[in-house]
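Using the sequences plus the hints, can you model the full thing?
In order, the protein sequences belong to chains S and P. When the letters of the first sequence are read in order and numbered with our numbering, they come out as residues 318 to 695. When the letters of the second sequence are read in order and numbered with our numbering, they come out as residues 318 to 695.
Calculated directly from the structure, the hints in this document are not laboratory data.
Label-pair ranges, simulated between beta-carbon atoms:
1) P/P407 to S/P441: 54 to 62 angstroms
2) S/L443 to P/L572: 53 to 61 angstroms
3) P/D613 to S/N418: 26 to 34 angstroms
4) S/L572 to P/P407: 32 to 40 angstroms
5) S/L443 to P/K584: 39 to 47 angstroms
Even glycine gets a Cβ: it sits at the ideal position worked out from N, Cα and C.
2 protein chains.
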Amino acid sequence: MRFIIQRDQLLASVQDVSKAISSRTAIPILTGMKIEASPNGITLTGSDSDISIESFIPQESDGNVYVEEIKPGSIVLQARYFSEIVRKLPEQTVEIEADANLKVIIRSGKAEFNLNGQSAEEYPQLPKLQTDDSFTMPIDLLKGMIKQTVFAVSAMETRPILTGVSVTLQGGSLHFTATDSHRLASRTIPVEASNVEFANVVIPGKSLNELYKTLDDSEETVEISVTNNQVLFQTKHLNFLSRLLDGNYPETSRLIPEQSKTVIQAKTKDLIHTIDRASLLAKEERNNVVRLTTLDNNQLEITSNSPEIGRVSEEVSVQSLEGEELKISFSAKYMLDALKAMEVEDVKINFTGAMRPFIIQPVNDDQILQLILPVRTY
Amino acid sequence: MRFIIQRDQLLASVQDVSKAISSRTAIPILTGMKIEASPNGITLTGSDSDISIESFIPQESDGNVYVEEIKPGSIVLQARYFSEIVRKLPEQTVEIEADANLKVIIRSGKAEFNLNGQSAEEYPQLPKLQTDDSFTMPIDLLKGMIKQTVFAVSAMETRPILTGVSVTLQGGSLHFTATDSHRLASRTIPVEASNVEFANVVIPGKSLNELYKTLDDSEETVEISVTNNQVLFQTKHLNFLSRLLDGNYPETSRLIPEQSKTVIQAKTKDLIHTIDRASLLAKEERNNVVRLTTLDNNQLEITSNSPEIGRVSEEVSVQSLEGEELKISFSAKYMLDALKAMEVEDVKINFTGAMRPFIIQPVNDDQILQLILPVRTY
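Structure follows, in structure tokens:
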């Protein structure tokens with residue numbers, strides 16, 4: 318194997334692929350990055366067996382030549398050293414050469430690195446997904462859906478299925494739901510007509526967080542294919558493959574109250590700042606609980622009390638406040654997560670009493686829904 | 318105690334003073350920040366008993382009123398909560414009030430924090446230093462001297478005296494030296510005539526690092542006073558007090574070779590980049606050793622070898638190369654620390670053989686000196 322490549326293109330690919338590589342893996346060769354040279358270009362692969370990322374650098378694209386003098390072949394290099402080396406190479410072009418004894422030479426300018434490679438034949442084969450059953454969506458919409466839901470997955474392995482985001486595509490609607498059983502975040506969007514349908518496919522939250530960081534905002538669309546146990550996200554030069562979680566995702570729709578007794582509409586920013594301040598003294602407490610009390614004249618009072626440290630209270634004006642009087646306590650962290658994830662100026666909150674879950678949504682947009690269970694205080 | 322203060326001024330002072338406060342302290346009240354209101358303004362104090370920082374916010378300065386409605390008094394507040402609160406207050410002005418029962422109220426806009434304070438009488442008295450024996454120097458020069466020496470102090474407590482920087486003021490010269498016994502960094506500057514003289518006063522490296530971060534580049538001069546066991550750095554609104562280290566600092570001048578056998582002059586940047594690359598494969602090794610070999614035609618070769626991972630070599634052109642041929646091995650980290658600390662374009666390196674310490678200095682400036690002991694390789 319031998320080729321000469323532009324360092325910037327190589328570096329971008331190495332950084333993408335590195336996101337899938339963990340130094341703590343049970344399969345030693347997965348600490349390496351696979352490099353494959355073919356006449357069309359160079360493919361880099363990284364995997365931690367849950368997530369696999371493949372990045373392709375074409376020999377040329379739009380008239381720009383990225384790779385020259387390609388002699389096909391493949392090798393696996395220690396990912397940590399390889400990415401550090403690529404990042405610090407002195408010149409714009411890099412020559413990479415591997416011989417039959419798995420000795421690799423990386424040359425750039427006057428610098429020469431001699432590395433010990435491993436055979437690409439020992440690297441696990443990635444499953445090939447059929448992409449006939451795929452659908453396409455804009456990257457920014459997918460990233461938005463991830464951001465608005467993935468924070469609500471469970472961090473605890475006690476119910477592993479809740480560490481993932483449940484994805485359903487039915488009747489032209491794509492639906493994401495995440496819950497840790499104390500709160501729930503969901504988002505629905507319409508997608509272009511496609512023949513694909515599936516329900517409650519559960520993608521690990523960790524995979525979606527990595528996908529979010531890997532997807533390049535400068536590209537437009539991503540193609541998504543789902544099988545029994547894998548999901549593949551494809552962009553022009555990137556394949557992102559994740560395993561799915563096994564098990565049945567709980568039915569969550571019955572959690573969502575259908576009527577409400579107290580309705581508040583407010584500036585998101587005002588609520589975020591007030592609740593953030595009220596939670597300052599509660600930071601170290603396990604529950605980080607704040608209390609919301611409705612007052613007259615479109616005012617709320619947000620309070621928090623930590624006997625040892627002190628007490629905070631603040632009044633905040635809202636745009637409207639209708640229905641029954643209310644005193645309710647909830648986790649400041651869950652509330653801030655939900656408010657920040659929505660990224661809208663104005664929100665409405667529907668309460669059905671102090672002991673019932675409440676719902677936060679953008680004003681005039683039912684496709685985003687955040688639900689929080691209150692905390693019982695005595 | 319009561320006063321109304323501008324949040325921005327309060328925040329800047331709180332952040333300065335917080336640098337001296339540690340949550341891990343044997344004296345519980347030192348996790349707090351002392352607030353003292355006097356008719357002239359507000360003084361904040363923080364201390365971890367090694368370092369103490371006092372910041373003064375004048376009632377007014379240059380016609381700007383910073384504090385109003387002052388009712389003198391003092392209180393101690395938990396530093397962690399107090400700085401978080403100040404940082405997140407909603408309005409530009411803040412009212413702080415403490416009653417006889419040590420209850421403190423902080424008000425800003427509609428937010429009200431009720432905190433439990435502690436009595437300022439329980440806060441340790443800072444030693445008052447006589448400042449008759451002081452000298453004054455520009456802040457940027459002091460910061461430069463700290464930066465060029467403090468990285469070379471020992472991180473090990475086996476010889477505590479080496480964890481400090483030795484400071485000598487004699488004959489109009491101020492001299493800083495730091496060494497961990499494998500390398501040495503020193504810097505001398507002339508200071509304005511003063512009657513103060515002292516030798517081998519040892520300031521903890523940690524104190525100098527905090528001082529570096531605390532000193533404000535927008536102020537011009539700092540006044541320095543030294544006693545037997547304390548040093549005080551004073552600027553217009555800040556007192557920074559550090560204890561000194563006990564013990565005799567070793568005589569270091571005999572370490573510095575007086576003649577040289579091989580002299581190299583080179584661009585600092587070229588050396589930094591080449592040695593940085595050569596050290597990439599050695600990162601995890603305990604010694605992180607690179608080897609320098611002189612070649613013909615003003616060329617050096619820098620190499621490094623890690624049997625399991627691979628080998629790097631790179632040639633680098635230097636401006637001049639005089640004297641005996643040389644092969645020498647040294648710590649890449651020490652070399653990079655020294656080259657980066659000097660902040661000059663061109664350096665000269667004086668070697669006296671493969672087994673002797675060598676010296677790195679700016680070209681045409683003997684006031685900065687970096688010395689490194691080579692590593693024996695077999």
